[in-house]
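Q: Residue numbers (the working numbering), protein chains in the order written: chain A, 108 to 405; chain B, 28 to 350; chain C, 982 to 1221; chain D, 29 to 436.
Take these hints with a grain of salt, some might be off.
As the list claims (entries may be wrong) - To give an idea of the interface, some chain B residues facing chain D are shown, with a C-beta separation under 8 Å as derived from the structure:
1) Phe180
2) His264
3) Glu266
4) Pro317
Stated by the list, open to error - What the simulated footprint calls covered on chain C by chain A, stretch by stretch (three residues with Cβ under 8 Å from a Cβ of chain A suffice, anywhere in the stretch; the number is not a length):
5) 1054-1062
6) 1069-1083
Note that these hints are calculated values from the structure, not bench results. Predicted model, so just to flag it, every value in this text is computed and none were measured. Glycine residues also receive a C-beta, built at the ideal position from the N, C-alpha and C atoms.
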Amino acid sequence: MLDFIPPIDILLQLLINGVLFGTMYGIAAIGLSLIFGTMRIVFIAQGTMIILAAYGSFWLFNLWSVNPYVSILIVVPASLIVGSGLYQVLFRKVAREGQFPTLLIAFGLMALLENLMSVVFSADARAIQTSYAAYALTFMGLKISFTRLMAFVMAVAGTVGVAFFLKKTLLGKAVRAASENLEYAMLVGITPHMVNTLTFAIGIGLAGLAGVATATAYAFDPFSGFVFSLKAMIALALGGMGNVVGALLGGLLLGVIEAFGAFFLSGGWADVISYAVFLLVLMFKPEGLFASGTSAKP
Amino acid sequence: MKTMGQNSKSKRRLALTVVVVALLTAVPGVLDPETSYVVFLLFSAFIYVALAQAWNLVSGYTGQVSLGNHAFFGLGAYVIAIGWSRGLIGYLDPLGMLLAGCAAAILGILVGIPLLSKLRGDYFALGTLGLGEILRLVTIQGRALTAGPTGIFLPSSSFTTIVPYYFMALFLALLATGVTYYMVKSNTGLALVATRDDEAAAAAIGINILKFKVLAFAVGAFLAGLCGALQAYYVFHVEPQGFFSLSWTIYPVLMCVLGGVGTLTGPVVGAVFLTAAFEVAKYYLPEIHPIFSGLLIILVIMFLPNGLVRLRRGRIVRNPKAA
Amino acid sequence: MANPLLNVVDLNVFHGEAQALWDISFQIQAGEVFAIIGSNGAGKSTILKTLAGLLRPSAGRVEFLGSRIDGRSAARIVDLGLALVPEGRGLFSGLTVAENLELGAFTKRARPLMKQTMEEMAATFQIIRIRSDQLAGKMSGGEQQMLAIAKALMSKPRLLMLDEPSLGLAPLVVKTVFEIIATLKQQGVTILLVEQNIHQALRIADHACVIKTGRITLVGTGKELLSDPEIHKAYMGSLR
Amino acid sequence: MMMTLRGPRLMGLSLVFVAAMMLGLPTAVPAADKNEIVIGATLPLTGMLSMMGAEQKWAYEQAAADINAEGGIYVKEYDKKLPVKLIVADNETDAGKAVAAIERLVKVDKVDFLLSDSTLPLVMPTAVAAEKWKVYYHATICLLPPWQEQKFKWSTDYFFDGAQATAVPFEVLDTIPEADRPKKLALLAEDSTDGRILGPIFKEAGKQYGYEFDYEEPVAVGSKDYSSQILKLKSKGIDGAILFAGSGDCVTFVRQMKEVGLNLKYLHGYKGTWGTEFWNALGQDAEYILADGFWSETYPYPRAEEIGERYYQNFNKRSVSIGLFYALCQTLFQAIEAAGTLDGAKVREAVLTTEFKGTVMGDIKYNPDGTAVFPLAAFQWQEGLLRRVYPFVEGASPVLIAPPWDKR
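If we strip away everything but chain A, and leave its shape as in the complex, we get (with noise of 0.2 Å):
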């Protein structure tokens, strides 16, 4: 299929797209890896949240104008208090029965939750219409998609904001302590359930940023956030578990995998591609790409 060499103007907008679509899984990859670091929760729900969020966003907007962009000021507050609570109503019981009932509640919850909300909201495909919905800025004749470049810049800005919450505060560092060993934690006064919520509000808080993300610069359907959930895996995967800049880092390599894999094979096999790594990374390099060797467990 490669009927021709793409000049270098083209490799570097896909270098763009890649990096900028990237984002979006890393973005999710961290909050996969917040909570499956402290509670070993293979969370498979996380993109249908990431959706739900969306819609959050995209109600906001269509009903009462809120610009989307002001809408994270309500999305992801709503989503901290939306995780806490699943943790507490969901996982609190069920944190330490190990890994099947985890992940079965997370499945459950996914099943709930799209059908809910292709029940309320129906299953068309979604989108926030705005004036600047495909507005590009021009870069040395490379074009970058306004929304997605807003959603680039917030998925740093989240991934900033957990790296310092976990860097530099007390709280912070008891998760990483209780990610690291939670008996270790419970001796020095660190309540599990304590760090689960803290950790829960955050992956969901997230999730609630890529929401709002995923609303301004795609398109959605309460069925798109499975496919979410799993490219989060191959990202979190790539970039080794419980590691924050890993994790994103590993959503860009993903991205970029991806676009020149749709360049230059076809859409289909992109996503061939992208698993097929991610086996190979599991098999090979389990512990990931990235992995600094400090705070990925064996």
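Got chain A; can you put chains B, C and D on it based on the hints?
A: Relative to chain A, chains B, C and D alone:
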């Protein structure tokens, strides 16, 4: 500690099993299989029993959460579809089904060795989840071999009655339960349980952990492959979306959890119960039943996390009273 | 005698189905060093874990400062002043020395005093001064043990429990560790010490008990036990 | 002692539970005193296609209600008019579930006939199931070639003819003055059964009309990012395209087209561009884009306008497909009356031989192989409304050329 009481209890268990199996064997004779929906429901329940048991063997007993059941299920179905559509195997061909099971088992071994030796726990879950997704995407891209997203249509004119399907599914359910029972009772099984409870200890007493995990994974894959093969024969249309659907993994997992992970009867109870519950939900709530199913999953886990047959966690081998 | 700081009465603990401790009772007075000795797998660590709230006793009670603490959460127990340095040292290897210490003062009671305590620790332990930005996991065994003790002290404990502080350390380092324990004792810190290094432990202990397959077999002062012929025969012979 | 339910006892309990439920399900009416015609359909009421399923269900219900308002269908065998009872079962947009649902319709509800499921991936397996249980299945929206290939004996398929449907863009392009016509065309068909089948037919049709595709590639389903492909189009100077994809994908595609600055004079969408949600998601950016359609309420056939209006009253939007499902019911009802019996084989025979007059889709005539075709229409988004540009019968509007993005 083998006492007389326990012996007689296990005898009673055996007797009960025989009676239940005998009753089930009689069903197609009593109810008209061509018009009775119960026969079909039992058929689907049996397939779920086998699938649940296959997962139970891998995850319930070895503690490795596999999310790749649907990969093997779909692979088994595709072996049948490709083989039959090219005239290599026949209708309800036991050899073909064996082939399907073996193909799944081989894939299980090929994937299992690197995944299980490097990954533990969650990584394994993610890896197996990725496997199903890869197979789905590859079959979509498979052009002539897999007939792409359309899938392969099989000669439905071969179908005469549901009766052979019923018995094959019953056989699969019994086989899966029997294999699980055998493997758990054997030294292999003890090793499996040992690896689940304490890997370091198991390694210390010289069990080759990888070998047993891969074996369990391969046997689970074999059973799932068989189920896929039978389903392919029943539906006469094998396509990527439906056969590599995650629900072929999640529902069996749910059934195991509802019944009791790591118990022999748990998956059986869970599968029968849930097949019936979903059916009723679908009948009475046609437009919102997936909401109900999602809710049911959550409620079951929250209030019955250890399953119906065992309300206490810790000893996984068998139901503590009967063991 | 005054009310004991810690009063353990008829403690029974299970590991799953298997009983690990039978009717354990002992008392610790404020300011003393109490040693629990016994061979590998006798149940020493289980006692400490139960006291720290990581395990729940099936029967018996634990009184600390006159109130019951059995069944309370680990976090609550640290806050009350019962700090455990567990086997394996309990450090967060991916966090820096300074971060480990900060987390040591995570409890409500200790947090306001964090800065001050940190300075005290820096004065006591040299490594903390010079290595505060190093990852805990990258330090040597001896340094880690010092840090572990310092981290536990950050919580301003009324009773410090040490689980095998000398395990896996070079003899010279073991000596340093026991010197620190002695210093702490002089400063008035009450210490519950679990050791396989029986000779050293008994020498420093005011009182001690011997535990064997989950039961207390002997109780006495450190001196008494040190000269007990049976103990000599059973434990120390092999160590010499 | 802990509370433990023992396995076998519980297993027994579950069996009793199942049995109880089966009794709870409705039992069949004995054939002798038949007093209604039971027609079943499996539809995607939940899942991906739930919107489509809901509309299809609505159309079936309308048709059933209309015929029942006339007292039902006269069946000679019973010498009376029998009302129609419609039973719809959910397939969760899943082929396997659809097959199971057919099983239930046949065995529990004892349906006399089956009405079509929705889209090929669901219609084909249900057609196979109908074959198994020997129930007449009156199907639609399934591309004809794969259906024909199976030589089904118990179903029929009413859909557009591939050659006609793929010729539409070229017929429309031919109406544009030569100078304004796009110079380089691309064919972007989704990576699905329908896309794979229609792709080559589009090429064939193009050839016949003297058009060639300078670029063609399958489009991944459900991807959130098509910018790579759009870049490829741009680098090749493409200025016209046929896009066959779902609505979400079409929205993403058009949006990214604008972002990347790809100007297409002519974009003919199939499947994904006719829905109101497409317009809602894109607004002005959807302007000038063409869409396919099964039907138009502007068709000069009896009741077409009325059905369109009823749909509008109920869903508050216009439909370019609902008439197809209504007409499907009309032909089935007429065939039952013509056959004078509820015997599936005989009704199928009647479907093949009857000349159906005056449905909302016009006159319909089935071929001996069980297929029947209708012409696919084409619409263009003009000022927020779908204007019919094809077929060129009365009421059709001229097609407009899309100006570049920066000139709008």
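Q: Each of the hints needs a verdict: does it hold here or not?
A: Results for each hint:
With a least beta-carbon distance of about 6 Å to chain D, the hint placing Phe180 (chain B) at the interface is held under the 8 Å criterion. For His264 (chain B), the interface hint holds, since its Cβ comes within 8 Å of a Cβ in chain D; the closest pair sits about 4 Å apart. For Glu266 (chain B), the shortest C-beta to C-beta distance to chain D is roughly 6 Å, which falls under 8 Å, so the interface hint holds. For Pro317 (chain B), the interface hint holds, since its Cβ comes within 8 Å of a Cβ in chain D; the closest pair sits about 5 Å apart.
Coverage of the stretch 1054-1062 of chain C by chain A holds. Counting CB-CB distances below 8 Å, 5 residues qualify, and the rule asks for three or more. With 8 residues carrying a beta carbon less than 8 Å from a beta carbon of chain A, the stretch 1069-1083 of chain C meets the three-residue requirement, and the given coverage holds.
Violated hints for the displayed structure: none, as all numbered hints are satisfied.
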